[in-house]
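Enquirer: Sequence:
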Amino acid sequence: LEYPVRKILPPASLCKLSSARWGVCWVNFQALIIAMSVLGGIILLGITVCCCCCCRRRKRSQKPDKDDERAMREQEERRVRQEERRAEMKSRHDEIRKKYGLFKEQNPYEKF
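To get the numbering used here, take the position in the sequence shown, counting from 1, and add 30.
Everything labelled a hint here was simulated from the structure, so no lab data went into it.
Please read all numbers here as calculations on a predicted model, not as lab measurements.
Check the hints yourself; a few may be wrong.
Pair by pair, the computed Cβ-Cβ distance ranges are [said to hold, decoys possible]:
| no. | residue 1 | residue 2 | range |
| --- | --- | --- | --- |
| 1 | 72 | 103 | 42 to 52 Å |
| 2 | 102 | 77 | 33 to 43 Å |
| 3 | 95 | 119 | 48 to 58 Å |
| 4 | 98 | 122 | 34 to 44 Å |
Positions of the beta carbon are idealized from the N, C-alpha and C atoms, including for glycine.
Go ahead and model the full structure; you've got the sequences and the hints to work with.
Expert: Here you go:
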């Protein structure tokens, strides 16, 4: 009886799958197929879990957390207060310029 080298699984005419062996006598084809299927399933499950964890971590890092939101809000408040102070100082300086006659007109050529 020759070993069917050209085929991965031996044909049913030679022997049943449960009694077929691969290469050496102690490697059962049926056990090998089951073990490879379980191993492949575990690998696919591991890859899926890793992808889900990476996507969740990336999504969480993109969303600003409460500290970032609070810092941005405070920065915006400081910017608004600074603009208010700047406008107040400008109006105060303009009043002083008017008082002493140093106020520059918008278009100096309108007089002519």
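Enquirer: Is it true that the C-beta distance of residue 72 to residue 103 lies inside 42 to 52 Å, as the hint says?
Expert: holds, 48 Å
Enquirer: Verify the CB-CB distance for residue 98 and residue 122 against the hinted window 34 to 44 Å.
Expert: Taking Cβ atoms as reference, residue 98 and residue 122 lie about 36 Å apart, which means the hint holds.
Enquirer: Range hint 33 to 43 Å: satisfied by the CB atoms of residue 102 and residue 77?
Expert: holds, 37 Å
Enquirer: Okay, residue 95 versus residue 119 on CB: inside 48 to 58 Å?
Expert: About 36 Å separates the Cβ atoms of residue 95 and residue 119, which means 48 to 58 Å is violated.
When the structure is compared with the earlier hints, a violation turns up for hint 3 alone.
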